[in-house]
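Here is how the chains run, residue by residue.
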Amino acid sequence: MSIRNLIDLNQLSSEELDDIVDMAGRISRHPTHYCSACRDKLMATLFYEPSTRTQMSFQSAMLRLGGKIIGFDNPNSTSVAKGESLKDTVTVLGGYTDILTIRHPIEGAAMAASLYSDVPVINAGDGGHLHPTQTLTDIVTLRNVVGRTDNLVIGMCGDLANGRTVHSLCRSMSRYSGNSFVFISTQKLSMPQYIKDYVKSMGCEYSEVRTLEEAIPYLDVLYMTRIQRERFDSVEEYEAQKGIYVLDGKKMSLGRPELCVLHPLPRVDEISYEVDDDPRAYYFQQTLYGMYARMALIIRMTSQHETCAPVKREETPKFTCHNPKCITRFERYLPHLTVDTPKGKVCAYCEHDEN
Amino acid sequence: MSIRNLIDLNQLSSEELDDIVDMAGRISRHPTHYCSACRDKLMATLFYEPSTRTQMSFQSAMLRLGGKIIGFDNPNSTSVAKGESLKDTVTVLGGYTDILTIRHPIEGAAMAASLYSDVPVINAGDGGHLHPTQTLTDIVTLRNVVGRTDNLVIGMCGDLANGRTVHSLCRSMSRYSGNSFVFISTQKLSMPQYIKDYVKSMGCEYSEVRTLEEAIPYLDVLYMTRIQRERFDSVEEYEAQKGIYVLDGKKMSLGRPELCVLHPLPRVDEISYEVDDDPRAYYFQQTLYGMYARMALIIRMTSQHETCAPVKREETPKFTCHNPKCITRFERYLPHLTVDTPKGKVCAYCEHDEN
Amino acid sequence: MSIRNLIDLNQLSSEELDDIVDMAGRISRHPTHYCSACRDKLMATLFYEPSTRTQMSFQSAMLRLGGKIIGFDNPNSTSVAKGESLKDTVTVLGGYTDILTIRHPIEGAAMAASLYSDVPVINAGDGGHLHPTQTLTDIVTLRNVVGRTDNLVIGMCGDLANGRTVHSLCRSMSRYSGNSFVFISTQKLSMPQYIKDYVKSMGCEYSEVRTLEEAIPYLDVLYMTRIQRERFDSVEEYEAQKGIYVLDGKKMSLGRPELCVLHPLPRVDEISYEVDDDPRAYYFQQTLYGMYARMALIIRMTSQHETCAPVKREETPKFTCHNPKCITRFERYLPHLTVDTPKGKVCAYCEHDEN
Chain Z
70 MSIRNLIDLN
80 QLSSEELDDI
90 VDMAGRISRH
100 PTHYCSACRD
110 KLMATLFYEP
120 STRTQMSFQS
130 AMLRLGGKII
140 GFDNPNSTSV
150 AKGESLKDTV
160 TVLGGYTDIL
170 TIRHPIEGAA
180 MAASLYSDVP
190 VINAGDGGHL
200 HPTQTLTDIV
210 TLRNVVGRTD
220 NLVIGMCGDL
230 ANGRTVHSLC
240 RSMSRYSGNS
250 FVFISTQKLS
260 MPQYIKDYVK
270 SMGCEYSEVR
280 TLEEAIPYLD
290 VLYMTRIQRE
300 RFDSVEEYEA
310 QKGIYVLDGK
320 KMSLGRPELC
330 VLHPLPRVDE
340 ISYEVDDDPR
350 AYYFQQTLYG
360 MYARMALIIR
370 MTSQHETCAP
380 VKREETPKFT
390 CHNPKCITRF
400 ERYLPHLTVD
410 TPKGKVCAYC
420 EHDEN
Chain S
70 MSIRNLIDLN
80 QLSSEELDDI
90 VDMAGRISRH
100 PTHYCSACRD
110 KLMATLFYEP
120 STRTQMSFQS
130 AMLRLGGKII
140 GFDNPNSTSV
150 AKGESLKDTV
160 TVLGGYTDIL
170 TIRHPIEGAA
180 MAASLYSDVP
190 VINAGDGGHL
200 HPTQTLTDIV
210 TLRNVVGRTD
220 NLVIGMCGDL
230 ANGRTVHSLC
240 RSMSRYSGNS
250 FVFISTQKLS
260 MPQYIKDYVK
270 SMGCEYSEVR
280 TLEEAIPYLD
290 VLYMTRIQRE
300 RFDSVEEYEA
310 QKGIYVLDGK
320 KMSLGRPELC
330 VLHPLPRVDE
340 ISYEVDDDPR
350 AYYFQQTLYG
360 MYARMALIIR
370 MTSQHETCAP
380 VKREETPKFT
390 CHNPKCITRF
400 ERYLPHLTVD
410 TPKGKVCAYC
420 EHDEN
Chain Y
70 MSIRNLIDLN
80 QLSSEELDDI
90 VDMAGRISRH
100 PTHYCSACRD
110 KLMATLFYEP
120 STRTQMSFQS
130 AMLRLGGKII
140 GFDNPNSTSV
150 AKGESLKDTV
160 TVLGGYTDIL
170 TIRHPIEGAA
180 MAASLYSDVP
190 VINAGDGGHL
200 HPTQTLTDIV
210 TLRNVVGRTD
220 NLVIGMCGDL
230 ANGRTVHSLC
240 RSMSRYSGNS
250 FVFISTQKLS
260 MPQYIKDYVK
270 SMGCEYSEVR
280 TLEEAIPYLD
290 VLYMTRIQRE
300 RFDSVEEYEA
310 QKGIYVLDGK
320 KMSLGRPELC
330 VLHPLPRVDE
340 ISYEVDDDPR
350 AYYFQQTLYG
360 MYARMALIIR
370 MTSQHETCAP
380 VKREETPKFT
390 CHNPKCITRF
400 ERYLPHLTVD
410 TPKGKVCAYC
420 EHDEN
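Chains as they are written, first to last, in our numbering: chain Z, 70 to 424; chain S, 70 to 424; chain Y, 70 to 424.
Hints are not guaranteed to be accurate.
Because identical chains share one entry, a pair is satisfied inside a single copy or across any pair of copies.
[As the list claims (entries may be wrong)] Here are the simulated DSSO-like cross-link-like pairs (lysine-lysine), alpha carbons at most 30 Å apart as the crow flies: (1) K156 to K319; (2) K269 to K387; (3) K414 to K394; (4) K387 to K156; (5) K265 to K320; (6) K257 to K381; (7) K394 to K381; (8) K257 to K387; (9) K414 to K265; (10) K414 to K156; (11) K156 to K265; (12) K311 to K156; (13) K387 to K414; (14) K412 to K269; (15) K394 to K320; (16) K381 to K156; (17) K319 to K412; (18) K381 to K320; (19) K269 to K319; (20) K311 to K265.
If you are wondering where the hints come from, they were derived from the structure by calculation, not from laboratory data.
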C-alpha cells in the first residue's frame with residue numbers, strides 16, 4: 070500500500086488510514102526496528118512560514134527512519150524572495166529529493182505543489198485550510214492511549230469558530246461509529262454550522278455548552294485549544310470569561326478517571342501547569358505519537374521505487390475561485406481545477422464554496 | 070585524480086574538467102551507486118549571503134553521497150556579526166570538516182578562504198566575480214542533453230553586461246572547438262568587449278543581435294537570463310522592450326527541433342510558463358545535472374586521505390588592488406598576491422586589471 | 070560511567086572529568102574509530118540566542134560520531150515566539166531526541182530545562198552564568214598540548230571582571246595541585262574578589278599586574294580574552310590603554326619557548342595576526358580539541374540505554390531568588406529550589422547569593 074500525496078486526510082480510504090495508524094502504533098512500541106526504513110532517502114521541508122515545532126517533528130521522523138533532510142523555514146532568505154514561483158521551487162526540489170513536506174500561509178498551496186512534483190507531497194498546513202498530519206496525530210494518540218476511536222464522547226474547548234484543527238478532527242472522528250461531540254465555547258466562537266451539519270450527516274450527535282464544568286464529567290476525551298485574546302468582543306468580556314475556558318486542577322477533579330486530555334500545542338495559558346502531573350494529561354505523549362504518525366506516513370509515501378510524474382487533471386476553463394486567500398490568486402499560471410461536491414463545483418485547491 | 074580547490078573553473082585542466090563531467094554523467098545514470106561515496110565526510114556550507122537554491126544543491130549532493138552537512142546562511146547570526154575575520158572562521162571550520170563551500174558577496178573571498186583552509190574549498194559564488202559550479206552545471210547539461218560541447222551555435226539572451234554566469238560560460242565554451250556565439254541583448258546590456266576579445270582569441274566566432282526572433286532559428290542552444298527592470302534607461306524603455314527578451318510559445322515555434330533551452334534559475338518572467346511543457350525546455354533538468362555535477366566535484370575533492378596545509382605563495386609587497394569590491398579591501402591581513410596575465414600583474418583574489 | 074546532565078563542570082567528580090578528558094585525547098588521535106559511536110542517536114540544539122560557532126562545534130561533534138541533529142538558532146521563528154514556555158519546548162524535544170544541548174540568554178535556564186527533560190541536557194551557555202563545555206575545551210587542550218593540568222603558571226588577560234570563561238577556568242584549574250595565576254587587566258576589569266578567595270581557599274597562589282609585558286616571561290599558559298571598548302571609562306582611556314592588552318609579535322618575543330597561548334574565540338583585535346604563525350599559538354587547535362571534548366561528552370551522556378524521568382527535588386517553599394536575570398523570574402511555574410553553600414542557601418538555578 071503506497072500513498073502518492075497527503076493533501077487532505079479525507080482523501081485517504083479507511084483502509085489506508087487504518088494501515089498508517091496501525092503502523093504508527095507498531096513504531097511507537099519498537100522504534101529501533103525502523104531505524105533504516107528510509108536509509109538513503111532525502112526529504113525537503115519547504116516551510117514558507119516558520120513553524121519550528123511541526124518542522125522538527127517531520128525532521129525527527131525522517132532522521133529516526135535513517136533518512137536525510139534539507140529545507141528552509143524562512144522564505145525571506147530563499148529564491149522565493151527573488152520572486153520565484155511555487156511551481157519552480159517545487160519542480161527543482163522535487164528533483165533533488167524523494168519527498169516534499171510543504172507548509173504555506175496560503176490556502177491550497179500544498180495541492181498546487183502536488184501538481185508539479187515528481188515525488189510525493191505532504192501538506193504540513195496550508196493557511197487556515199487543512200493540517201492533515203495534526204489530525205492523524207490525534208487519531209494515532211486516541212488509538213494508542215484510549216484504545217479505540219469509536220464510541221467516544223469527545224469534548225472540544227476553545228476557539229471552535231476559527232480552529233482548523235478541531236474542524237478537521239470533527240470530520241475525521243465522524244467517520245467512526247458511535248462518536249458524539251460536546252462543543253464548549255463562547256457564542257461568538259462556536260463551531261460553524263457546516264461542520265455541525267457534517268457531523269449530523271454522518272450520524273453523530275453533538276451538543277453545545279458554554280462552560281467546561283458542565284461538560285467535563287461526561288467526557289472520554291477533552292480536546293483543548295487556545296482562545297486568542299483578540300477573538301473576544303472586548304477586553305472586559307475577555308477578562309470576565311477567560312477563566313471559564315482554562316483547564317485547571319479543580320476542573321480536572323470533575324472529570325472521569327478515564328478522561329484523556331489532548332492539546333495540539335503550543336499552549337499559552339489555557340491549561341494550568343498543575344494539570345501536567347495529572348495522569349490523564351496526554352498532550353505531551355500526543356507530540357510523541359505525532360512523530361510516530363509522521364514516521365508511518367513517510368514510510369508509506371517513499372515505498373515506491375520509481376518517481377512518477379504527477380497526473381494531469383482536466384481544467385474547468387471558465388472557473389475562477391473567489392476566495393481571496395486561495396493560492397490561485399497568487400500563482401496565476403495554475404490551471405483552473407474544480408471538484409464536484411454535493412453543493413456543486415468548488416475550487417480544487419482551497420475547496421472554497423461560495424462561488 | 071584529485072582537486073585541491075575549485076575557485077575558478079579555468080584553473081582546471083581539460084583532463085580534470087572532462088573527468089568531472091564524465092563522472093557527473095555516470096552519477097546521473099546510476100545515482101544509487103554513489104550513495105556511500107562520501108560516508109563519514111562532513112561538509113560546511115559557509116553562506117555569507119543567502120542563496121538557498123545553491124546551498125540546497127550542495128547539501129543534496131553531499132547527502133546523496135552519504136556525507137553530512139553543517140553550515141550557516143545568515144551572517145547576522147554568526148561570529149561574523151561579532152567582527153570575526155574570514156581567516157578565523159575558515160580556519161576553525163576547516164578543522165571541523167572535510168570540505169568547505171563558500172558563498173560571499175565580496176570578490177575574491179573564496180580565493181582568500183583557500184589560503185587558510187586545511188581542507189578543500191569550493192567557490193559557490195564570490196560577488197560579481199565567479200560562480201564556477203554554475204558553469205560546470207551548464208557544461209554537464211550540454212554533454213548529457215545535447216550530447217556534445219563542441220560545434221554548437223550558442224545564443225545568450227538577457228543582461229549580458231552584468232551577468233557573471235554568461236561571461237563564465239562564454240570563456241569555458243570557447244575552450245571547445247567549433248563553437249560560435251550569438252549575443253542577444255539591448256545595446257546597453259551587451260556583452261563586454263573583453264569577453265568578445267577572449268572569444269575571438271580562442272578562435273570562435275560571435276555575432277550580436279537585438280531580438281530573440283532573428284536569432285532563434287539558427288541556435289543549437291539558447292541560454293536565457295534575467296534582465297532586471299532597473300537595468301533599462303527608463304520605465305518607458307523597459308515597457309517598450311521587455312517583451313523582446315521574453316521567451317514564449319510563439320518564439321519557440323521559430324526554433325529548431327533540436328534546440329536546447331537553458332536558464333540558471335530562478336526565473337521571474339523571462340520565460341513564459343507555456344514553454345515549460347515544450348520538450349526543448351531543459352532548465353529544470355539543468356538543476357538536476359547541477360546536483361550531479363556537484364556530486365562528482367565533491368567526490369574528486371574529498372578523495373585525498375590526508376588534510377594538507379595550504380601552499381604558501383610569494384607576496385608582491387608593493388601591490389595594492391584598486392577594485393573597491395575586492396576582499397583585500399575588507400580583510401586587511403591578507404597577503405598581497407598577484408598573478409601574471411597578458412595584461413600584466415593583476416590581483417590574485419579578484420583578477421581586477423585596472424591597476 | 071555515564072553522566073545524566075552537564076549543567077556545571079564543578080558537578081562532575083574528578084574521576085568523571087578525567088575520564089572525559091582522557092577520552093577526548095583518544096578521539097583526537099583516532100577520530101575515525103568513533104565514527105559510529107552514536108549511530109541512530111539524535112541531538113537537538115536549542116539555541117535561544119544565536120551562537121553559530123558553539124552550535125557548529127556541537128553539530129560537528131555529533132555528526133562525527135555518526136549521530137544526527139535537529140534544532141533552532143533563532144527563537145523568533147519558533148513556538149517560543151508564540152509564548153511557549155521552556156518547560157513545554159524541552160518536554161516535547163526531549164521526546165523526539167536522545168540528548169538536548171541548550172543555549173539561553175537567561176541565567177539558570179539549562180538547570181531549569183534539566184528538570185523537564187527525559188533525556189540528558191548539556192548547558193551550552195546560560196547568560197553570564199556558566200559555559201561548562203568551554204572550560205572542558207580548555208582543560209582538554211592543556212592536557213594534550215602542554216601535557217599536564219597541574220603545576221602551571223597561568224596568565225589570564227583582558228576583561229577579567231565580566232568574563233564567565235576566565236572565572237570558570239580559574240575554578241576548574243584550582244582543583245589541580247600546584248597551579249598559580251597571574252591576572253592581567255585594568256583596575257576596573259580586575260578579577261572579582263570571590264574568585265580570588267576561591268583560588269586561595271583551594272591552596273593556589275595568584276598575583277595581579279597591569280601589563281602583559283611584565284607577566285609574559287613567567288607564564289606557561291597565556292589565556293587571552295577580549296576587552297570590549299565600552300568597558301573602559303572613556304574613549305581617551307580606551308585609546309591610551311588598548312595596546313597594553315593586545316598580544317603581538319614583540320610581546321611574544323618575551324615569552325618562554327614552552328608558552329601556550331589560548332583564546333576562546335572569536336577574537337577581534339586582541340591578538341595580532343602575526344602571532345598566528347608562532348608555534349606557541351594554540352587557539353585554533355583549541356577549537357579542534359573543543360570538538361573532541363564535546364564528542365567525548367556526548368558519548369558518555371548517550372550511553373544509557375533507557376530514557377529516565379528527571380529526579381524530583383524538594384522545594385524550599387518561601388525562597389525567592391532576587392537575581393533579576395534568573396530564569397525563575399521569567400518562567401513562573403518553576404519550583405523554588407535551593408542549594409546549600411558555605412554562604413547559606415542560594416538559588417539552585419543561577420547560584421546567585423545576595424538573597
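Same-copy or cross-copy closeness of K394 to K320 [CA-CA at most 30 Å]: Cα proximity of K394 and K320: none, with 39 Å in one copy and 35 Å across.
Alpha-carbon proximity context of K387 and K414, limit 30 Å: Only inside one copy: K387 and K414 sit 12 Å apart there, 66 Å across copies, limit 30 Å.
Within, between, both or neither: K265, K320 at alpha-carbon 30 Å: For K265 and K320, the Cα distance is within 30 Å only inside one copy (26 Å; across copies 55 Å).
Homomeric proximity label, K311 with K265: Cα distance no greater than 30 Å: within (24 Å within a copy, 53 Å between copies)
Alpha-carbon proximity context of K381 and K156, limit 30 Å: within (14 Å within a copy, 48 Å between copies)
Copy assignment of K156 with K265, given that the CA separation must stay at most 30 Å: neither (36 Å within a copy, 36 Å between copies)
Up to 30 Å CA-CA - K156 versus K414, copy category: within (24 Å within a copy, 47 Å between copies)
Intra- versus inter-subunit Cα pairing at 30 Å for K394 with K381: Classified as within; 24 Å inside a copy, 49 Å across copies.
Within, between, both or neither: K387, K156 at alpha-carbon 30 Å: Within one copy, since 22 Å is at most 30 Å while 53 Å is not.
Alpha-carbon proximity context of K414 and K394, limit 30 Å: Within. Shortest intra-copy distance 18 Å satisfies the 30 Å Cα cut-off; inter-copy 58 Å does not.
Up to 30 Å CA-CA - K412 versus K319, copy category: neither (45 Å within a copy, 41 Å between copies)
Alpha-carbon proximity between K311 and K156, which holds within one copy, between copies, both or neither at 30 Å: Cα proximity of K311 and K156: across copies only (23 Å, versus 44 Å in one copy).
Comparing the model with each earlier hint shows violations of hints 2, 6, 8, 11, 15, 17, 19; every other hint is respected.
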